[in-house]
Amino acid sequence: MTNTSTIDKQKLQQTALKVREHIVKMATDGGCFVGASLSAADLILYLYSEWLNVGNHNLNDPDRDYLFLSKGHDVPALYGTFAELGLMDKERLKNHLSLDDHIYWHPNTKIPGIEFHSGSLGHLPSVAIGVAMDIKIRGGKNRVVCILGDGELNEGTCWEAVLVANAYKLDNLIFVIDRNQFQANMPTEELIPLEPLHDKFTAFGAAVKRIDGHDFDALHEAFSAYPFETGKLNVVIADTVRGKGLPSIERRADRWFCNFTSAEIESLLKELHGEHVSQLTSETLVVR
Amino acid sequence: MTYEELLTRQALADERFIVMTAENRALVRNIHAALGSRFIDTGITEQTMIGAAAGLALRGRIPVVHALASFLTMRAFEFVRTDTGIPNLPVKLSSFIPGFLSDGNGPTHQAIEDIALMRGIPNMTVFAPADEDDLVKMLPDIWNYPAPSYVRINTQKSGYEHTPFELGKAEVISEGTDVTILTYGLLFAQALAAVEILKSEGLSVGLINIRSLKPVDEQAILKAAGNSKLIATLEDHFLTGGLYTIVAEVLLKHQTTAKVLPFALNEKWFKPSLLPKVLQHEGFTGKQIAEKILGYTTNAVQQTIAVPQFSE
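Residue numbers (my numbering), protein chains in the order written: chain A, 1 to 288; chain B, 1001 to 1312.
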């Protein structure tokens, strides 16, 4: 089932910029996990825009492709993508943290298109396994993607899931690692080192590709090779940058959860367009 | 004094103390520099952290461990029960953002069954300070008590100056014959506001800061039930297994009864938003509490808590 289609890279980049604008706009009046959302934005947009067979036409179709967002705190990237691709009304994003809607710091199924709630790390790899197992049992052709954070890989259940996926030869399942090099407070390699990550997954029986998670051509080349190897779990390690698109917060350990002032939001929206680098004074090291 | 200052002082004064976190550094951001190798961050591995804490305790250490309340009590539950409860090891659980304090995170982060879970473990002791002043007064005794302990960390400032802590004793703020509010943790500040409103309505109002949920001050509960026409239990916890249940157990044990009006989350998670909005939406502001108590005392009928549905 090799995908030989081409992508409109320029259009994807333009849409990704709009997704990032949505993320930044959600990072005020209470804030959100902006850094992790910006790192995952391109791969989430790529998957919904180019690869997954899921959209308004088939949200309840058992033959749709599934995406599980296990690192749920990057949900602004998902909502921004939904808004740009027509799965969600753009106006609705203004309801972030409102009592009258269901848009808060983690995903939930009140939002059409969200397959499962998350927020507690290391849960959805196993939920995705269950869905992939049933598709296998029924002889289906649909595919299951689960996006994990690299910090999330601290949790033992992620590795249990790889062992089980290997045992059941779930080649219809893809774990995508948003490898932005950070967990909440610090670089992953300074706390609980993950590297060599490619080798770890390979040793656990997976077929692994490691790519630049902000390069749409690289994403397309990797996902076009699905299934990577018959009978093996697919793993894509997407090397990304936390805070991607905003140099003023990129790779900054103290900029995980951000609650920007309205003036900072105005400045950051210009920064997304490369106009300048913002001077930020809002509270750093916020933990939620 | 802040939580971190107190913990740093305790650990510097007593070599037995080890500070651990499952990469939740909000409460212990600067302690690594002070403690060096006696600060251990295990990454996002709550189960492994608790098991390791048990191992450290086997060697005579007193580990004070940190994680978000929901993951500390639920993800690591069996490790807490089996590795600290069964051997009665002095592992000290500091839970971050319990109850309503998880504000906009959603149900995955809402620890509103933590009291029920932790107090169900033999040997485990359970505490919930009313505010930062209470927290700082309670922790030294809790940390030095030779048993595993669970503490709902609450660094909110209510402005109230608490009396010294005695393990197993409640803090009686006031006594009253019409109604006595029993509460713990974050909602203490709302209870203070409710008391003022009720007093202005001419009621004789009592208020008890329970503080120590296990062991619990049975005499304080029995005395309030005997002296007041109504008991109100106030908690950011499920109705099942928390203070309302504790009061029921104490009354039954002593073969007595009382009119009890519970303020709790009945078979529901709370609507995620910022804390002030959460309190208002769920009916836990001082004004809303006072109004419900006034309605009860006026109508003399048992009211049920209105529960707008929220589920995933």
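Simulated from the structure, these hints should not be mistaken for lab results. Errors might be hidden in some of the hints.
Partial list, derived from the structure: chain A residues whose beta carbon lies under 8 Å from chain B [stated by the list, open to error]:
| no. | residue |
| --- | --- |
| 1 | 97 |
| 2 | 156 |
| 3 | 187 |
| 4 | 284 |
| 5 | 287 |
| 6 | 288 |
Quick list of in silico lysine-lysine cross-link-like pairs, DSS-like style, CA-CA up to 25 Å [as the list claims (entries may be wrong)]:
| no. | chain 1 | residue 1 | chain 2 | residue 2 |
| --- | --- | --- | --- | --- |
| 7 | B | 1253 | B | 1157 |
| 8 | B | 1287 | A | 94 |
| 9 | B | 1271 | A | 94 |
Residues from chain B that keep clear of chain A, each with C-beta distances beyond 10 Å, as calculated [as the list claims (entries may be wrong)]:
| no. | residue |
| --- | --- |
| 10 | 1041 |
| 11 | 1155 |
| 12 | 1288 |
Note that this is a predicted model, so its numbers are computed, not measured. The beta carbon of each residue, even a glycine, is placed where N, CA and C say it ideally should be.
Comparing the hints with the structure gives:
1. Annotation: interface hint on residue 97 (chain A) holds; nearest CB of chain B at approximately 5 Å, less than 8 Å.
2. A distance limit of 8 Å between C-beta atoms decides the matter here; for residue 156 (chain A) the minimum to chain B is near 7 Å, and the interface restraint holds.
3. About 12 Å separates the beta-carbon of residue 187 (chain A) from the nearest beta-carbon of chain B, more than 8 Å, and the hint is not met.
4. With 8 Å as the threshold, the beta carbon of residue 284 (chain A) stays out of range of chain B, its nearest partner Cβ sitting at about 11 Å, so the hint is violated.
5. Using the Cβ-Cβ criterion of 8 Å, the hint placing residue 287 (chain A) at the interface with chain B is satisfied: the shortest such distance is roughly 4 Å.
6. Checking residue 288 (chain A) against chain B by beta carbon gives a least distance of about 6 Å; that is within 8 Å, so the hint holds.
7. Distance restraint check for residue 1253 (chain B) and residue 1157 (chain B): the Cα-Cα separation of roughly 35 Å exceeds the 25 Å cut-off, and the hinted pair is therefore not satisfied.
8. Proposed proximity of residue 1287 (chain B) and residue 94 (chain A) is contradicted: the alpha carbons are some 30 Å apart, above 25 Å.
9. Of the supplied pair hints, the one linking residue 1271 (chain B) and residue 94 (chain A) holds, its CA atoms being roughly 17 Å apart against a limit of 25 Å.
10. Non-interface call for residue 1041 (chain B) relative to chain A: violated, since the shortest CB-CB distance, roughly 6 Å, does not exceed 10 Å.
11. The Cβ of residue 1155 (chain B) lies farther than 10 Å from every Cβ of chain A, with a closest approach of about 12 Å, so its non-interface assignment holds.
12. Non-interface call for residue 1288 (chain B) relative to chain A: holds, since the shortest CB-CB distance, roughly 15 Å, exceeds 10 Å.
Going through the hint list in order, the structure does not satisfy hints 3, 4, 7, 8 and 10.
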